[in-house]
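Novice: Here the protein sequences come in this chain order: R and A.
Those letters in the first sequence? Residues 1 to 257, by full-length UniProt numbering.
Those letters in the second sequence? Residues 1 to 257, by full-length UniProt numbering.
Mixed in with the good hints there might be a few duds.
Identical chains blur together in the list; that is why a pair holds if it fits in one copy or across any two.
[As the list claims (entries may be wrong)] Computed cross-link-like contacts, SDA-like style, restricted to lysine to any residue with a CA-CA straight-line distance of at most 20 angstroms:
#1 Lys20 with His52
#2 Lys123 with Gly87
#3 Lys48 with Ala17
Derived from the structure by calculation, the hints contain no laboratory data.
Protein chains: 2
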Amino acid sequence: MTAETGGDGRSSSSGNAVEKALRVLEAVSMPGAPHRLAEIAATAGVPKPSAHRILGTFAERGFVHSHGGGRYAPGPRLRAMAAQVAGDDDRGVDQVLAELQRQVGHTVHLALRAGDRAVYTHKVEADQPFRTSSRIGMWLPLHSTAIGKCVLAHLGVLERDDVLGAAGLARRTPATITERDELDTELAEVRRRGYAVDDEENEASIRCVAAPLLDSSGSPVGAVSVSGVAFLVSREQIEAFAPEVRHAAHSLAAVLL
Amino acid sequence: MTAETGGDGRSSSSGNAVEKALRVLEAVSMPGAPHRLAEIAATAGVPKPSAHRILGTFAERGFVHSHGGGRYAPGPRLRAMAAQVAGDDDRGVDQVLAELQRQVGHTVHLALRAGDRAVYTHKVEADQPFRTSSRIGMWLPLHSTAIGKCVLAHLGVLERDDVLGAAGLARRTPATITERDELDTELAEVRRRGYAVDDEENEASIRCVAAPLLDSSGSPVGAVSVSGVAFLVSREQIEAFAPEVRHAAHSLAAVLL
DNA sequence: CCGAATTGTTCCACGTTGTGGAACGGCAGG
DNA sequence: CCTGCCGTTCCACAACGTGGAACAATTCGG
Numbered sequence: 001m002t003a004e005t006g007g008d009g010r011s012s013s014s015g016n017a018v019e020k021a022l023r024v025l026e027a028v029s030m031p032g033a034p035h036r037l038a039e040i041a042a043t044a045g046v047p048k049p050s051a052h053r054i055l056g057t058f059a060e061r062g063f064v065h066s067h068g069g070g071r072y073a074p075g076p077r078l079r080a081m082a083a084q085v086a087g088d089d090d091r092g093v094d095q096v097l098a099e100l101q102r103q104v105g106h107t108v109h110l111a112l113r114a115g116d117r118a119v120y121t122h123k124v125e126a127d128q129p130f131r132t133s134s135r136i137g138m139w140l141p142l143h144s145t146a147i148g149k150c151v152l153a154h155l156g157v158l159e160r161d162d163v164l165g166a167a168g169l170a171r172r173t174p175a176t177i178t179e180r181d182e183l184d185t186e187l188a189e190v191r192r193r194g195y196a197v198d199d200e201e202n203e204a205s206i207r208c209v210a211a212p213l214l215d216s217s218g219s220p221v222g223a224v225s226v227s228g229v230a231f232l233v234s235r236e237q238i239e240a241f242a243p244e245v246r247h248a249a250h251s252l253a254a255v256l257l
Numbered sequence: 001m002t003a004e005t006g007g008d009g010r011s012s013s014s015g016n017a018v019e020k021a022l023r024v025l026e027a028v029s030m031p032g033a034p035h036r037l038a039e040i041a042a043t044a045g046v047p048k049p050s051a052h053r054i055l056g057t058f059a060e061r062g063f064v065h066s067h068g069g070g071r072y073a074p075g076p077r078l079r080a081m082a083a084q085v086a087g088d089d090d091r092g093v094d095q096v097l098a099e100l101q102r103q104v105g106h107t108v109h110l111a112l113r114a115g116d117r118a119v120y121t122h123k124v125e126a127d128q129p130f131r132t133s134s135r136i137g138m139w140l141p142l143h144s145t146a147i148g149k150c151v152l153a154h155l156g157v158l159e160r161d162d163v164l165g166a167a168g169l170a171r172r173t174p175a176t177i178t179e180r181d182e183l184d185t186e187l188a189e190v191r192r193r194g195y196a197v198d199d200e201e202n203e204a205s206i207r208c209v210a211a212p213l214l215d216s217s218g219s220p221v222g223a224v225s226v227s228g229v230a231f232l233v234s235r236e237q238i239e240a241f242a243p244e245v246r247h248a249a250h251s252l253a254a255v256l257l
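Please model the complete structure; the sequences and the hints are all you need to start from.
Specialist: Below, the structure is given as structure tokens:
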């Protein structure tokens, strides 16, 4: 390990060509299929001509599909890669999630962090035939969800400011925490307890508990959650699942990292 | 530059840095999670030091996870991206596939081409509770499957030689076509009819029909297929689904491209 | 239907960045 | 102990990406 100072140093603005490519690829992959060039350039934080050139390369290889005049969508090659990645890790992950689902009887989610949001990657539905509006690939805000609060709580102060500054504290329900002070208090509590609760803060009638997945350096990678319908599960009942959720989180960290 | 002797002429373009990055990313995404550096470098067709540098960049951004000592696996960020891509296109795709499944009553697959193989990206199971050993993300050979033959049939001769040279014509069942001449005849037939049949050539007791998805330039992007258990569906019966499969393929081409 | 604002695309001189063969150290298997 | 193989580091060279600015196409508003 040569003397790498933990801070950003040069990488702050753009840096590596490969890095830009990754950010562009990520931007193209965002929901809302056909994206415009300017939009992608902005999202990726890359100058317009560079984005154009990179997207051209992607298009040549079939990673993105160019819808004519400056509109880009994920291409077949990227879709194939996505299917491979999504299908491969299912070895142990689904097992752990299914086990958790059996223990608690409610819908179980795994979400991974992607910048200033989290993305559902796995889901095990509850036995009860209750509507769950979530879907794999759907992304959720960090400030109003149990999963998101787990992530935020374990970010460095610097990065947290960055992320919250970019995403804002949008009100999602009457219970959503929209004050930064209040959120910070909550996050301290999350760190202390090792799990987070969402008491109808993101969606009315939905309560969740979540526990964070931390990598070897302590950075939050994502979180597991249990979601219950409010009139079936009290706040106390949901919170009582915390031990099981934390256990699952630890198992998943072992499998995923 | 390395003056390759006939065998593997793909050295066509290692020029672009982004291109190399893409190939490396693809190599990391392949099934069999922790890959070794040399393996990735070979698969991607990139010199070892370059692969190392690129993987380092990926690791910094969480796209791959470095298992220490030259072992790399898809990272959280890549998984999140994969979930987004896989989840987003479900708009119309699943509808079309479900419609096809209703018409034919058997298991329906969508696979996309990735280099010298195809990858299942979508699946709608048959009503009948029959084992189907396929899974999203699983990859299948091109020469012994209906889906693969659709792809091969619509490749340029040059690229077909390349692909078949790399992958070979491995025998999968007694019925597998392992002679290049015979395969070429079959592929001409596939082009003529607009669909391909797999009569227990890839897996014993499984018969399939497939129709290709062609992009605007006529290149094969993937294929849709219907798979039936051999002792329930005769070759004639499976082949009778061809019109429906072709129809679905056209609908999907419109949605995906 | 036309002009104005926005967006996609091309160009190009500049120097930063990636490049990859070769050499080094570490690890395993004979 | 020696012998491959593999991951990692090094470095001189120039190719490649870079991005501001100019240009073309398209959209929007009146």
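Novice: Determine for every hint whether it applies to the structure shown.
Specialist: Structure-based check of all given hints:
no.: 1; hint: Lys20 with His52; result: both (12 angstroms within a copy, 18 angstroms between copies)
no.: 2; hint: Lys123 with Gly87; result: both (13 angstroms within a copy, 12 angstroms between copies)
no.: 3; hint: Lys48 with Ala17; result: both (14 angstroms within a copy, 18 angstroms between copies)
Hint check: no violations occur; every hint is consistent with the structure.
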